[in-house]
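This is what each chain is made of:
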Amino acid sequence: MSTMPIIEIRDLSHRFSDGRMGLCRINLEIQQGGFILIAGANGSGKTTLLRHLNGLLLPTSGTVTVAGIPVGKDPLKVRQMVGMVFQDADSQIVGETVYEDAAFGPENLKLDPREVRRRTEDALSAVGLTPLSEQHPFLLSAGEKRRLAIAGILSMGPRVIVFDEPLSNLDFPGTRQVLGQMVSLHRSGHTLLVATHDLEPLMAYADRLILMKAGKVARDGHPAALVSDLEAFGVRPPGSIRFGVESRPCRN
Amino acid sequence: MPELTAFTYRPGTSLLHCMDVRAKLVLVVLVGLASLNMHPVSLLVLTGILGWLFRASKRSVVSLLKTLRYYGVLLGFVVLARGVNLSLEPPWGWHAVTVDPHGLREGALVCWRLGIVVLAGALFVSTTRSSQMKAAVQWVLAPVPLVPEKRLSFMIALTLRSFPLIFLQARETAAAQRARGIENRKNPLYRMKTLAVPLLRRTLQDAEKLAVAMEARCYQEDRTDPVLSATRADWRALAAGVGGCVVLLLV
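If you read the sequences in order, they're chains A and B.
153 is the number that our numbering gives to position 153 of the first sequence; each next residue is one higher, with no gaps.
262 is the number that our numbering gives to position 10 of the second sequence; each next residue is one higher, with no gaps.
Since the hints were made in silico from the structure, they are not lab data.
Among these hints, one or two may not hold up.
To be verified - With a Cα cut of at most 30 angstroms, we get these calculated DSS-like pairs of lysine-lysine:
no.: 1; chain 1: B; residue 1: K318; chain 2: B; residue 2: K445
no.: 2; chain 1: A; residue 1: K110; chain 2: A; residue 2: K73
no.: 3; chain 1: B; residue 1: K461; chain 2: A; residue 2: K216
no.: 4; chain 1: A; residue 1: K77; chain 2: B; residue 2: K461
no.: 5; chain 1: A; residue 1: K213; chain 2: B; residue 2: K438
Computed from a predicted model, the values in this text were never measured in an experiment.
From just these sequences and the hints, can you work out the full model?
And the structure:
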C-alpha cells in the first residue's frame, strides 16, 4: 500500500451562514489506500468535513487538496476523484432505471457514449446489479439502492470514496451486501472514508479512526487503540468490546 | 416503497417501447389534436386502438384508473357543468335543476376526448425512458432561439422522476396524520393545509438533497446526450399513425 497522502487538510475551518462554527482548525492527511472511519456524536462535524473533500462546501479558512489539487480551484476534477455516497439513497437517485442512474456521472463528464456504456456496465457489474439494470430504482431494496449509489460513483472512476452513514437504515442482509462492497472496493485500491455512528460492523476492516467533537478532531489513531475513548465522544462502543466477546465479521 | 403509477416508465419490449421517441412524440401530439375533431365513431375506433396498444405494452388498466381517479372527478364536473342547468329565479328547489340531454352528450364527448389525450400521454410516458424523453424534448426545442433546451429537458425528466416519491410522501404524511386523529377534524381546508405544508417542506428538502447529490456527481448542462436513431420500422409506424388519424378525421 502506498503511503502518499491523497488528501491533505490544513487548518480547515468552516462557519455556516447562520454564524455557527461547523469545523475548527482541522489538520489531517489521508493516505492513499486507507480505510478510515470518522465517528462522533450528531453535530460533531463529520458530514461537514466530508463535504469539504469534494467541494460541496468550501472552507471559510484553510485548504483542502486532493492529489495536489486545491478543492476550490477545480471542483469538477476533484469530484471525479472523490465520489460521495450519501446517507439518503432515495434522494440521490436521478435516473428512471438502474442503468440510467449509474450512467448519470459519466454523462456529466461528457464522455463518448461508448465509454459511458462501458463504464456504466462495469460499475453495475462490480456491485452485482447488472440483472436489475432495467429495473426502476425506487423498487430496489435499501441495500440495493445503496449499491446503486456506489455504482453511480464507481462509473466516474474515483480514487477516494466517501460514505456518509452507509449502513444506516439497512437490515442485516442489506448491511452485509453494502459492507461486502466496501471491503471489496478497499481491496481494489480505493481509499475509503466513512462517517458513521455504528462502528460495530466496520471496525474490523478499518485501519484508522478519527473521533470528532464540536467541529474538531479529538482523537486520531488505530481503531483498537481508541475503543476505550468512544463513549466519551458519544459513540457506542462495539458490542464485542462491551460484552467481551469475539466479534464475527458481518459480511459474507 | 413508492408505488409506480400508470405514468411511470416501466421497461418492456413492446412496439411502443422499441419505437423512436421522436416518432412517438409526433404521434401523441397528432392523436391529441385529431381527437378534438373526431366523430364519436372515429373516437370509438381510436379508443380501441389505444386500448390495444395499452394491453400490448403490458400496462395495467386498473393502475391507470386508480391514478386517474381524481381526474375522473374533474371530468364528472365537466359533464355536470355541460348537462345540468340551474335556474337562479326563486323559489329554489329541485324544480330549479334541469337536465339538458344534449349538454350531457356534449359533456361526455368532451370527457371522452380528454380521456384519449390522457391515455395517449400515459402510453407515451410509461413506454419511454426519461433520458429518451429528455433527448426528444431537446430535439424539439433545439431550433427555438433563446430557449435553454438542455436545461428545460432535464427539468422535465427530473419532474417525472419525482412523481412516485411525492406520492409516497403524501401517503406517508396522510397515514401519520390519520394515526393522530386528523379524521376527527371535519374542516377540509384545515385538513388540506395540514397535509400540504409538511409535504411541501419535505419535497423541498428532498429537492435540496438531490441538487447536492447531482453536484457531487459533476452535474453540468453540457452532458453526453442519448443517441437517437430512427429505423425503417419507426418511419412505417409514423406513416401508419398519420394515415390512420387522417382516415379517422375524414369519417
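Evaluated hints:
no.	hint	verdict
1	K318(B) x K445(B)	holds, 24 angstroms
2	K110(A) x K73(A)	holds, 20 angstroms
3	K461(B) x K216(A)	holds, 25 angstroms
4	K77(A) x K461(B)	holds, 21 angstroms
5	K213(A) x K438(B)	violated, 49 angstroms
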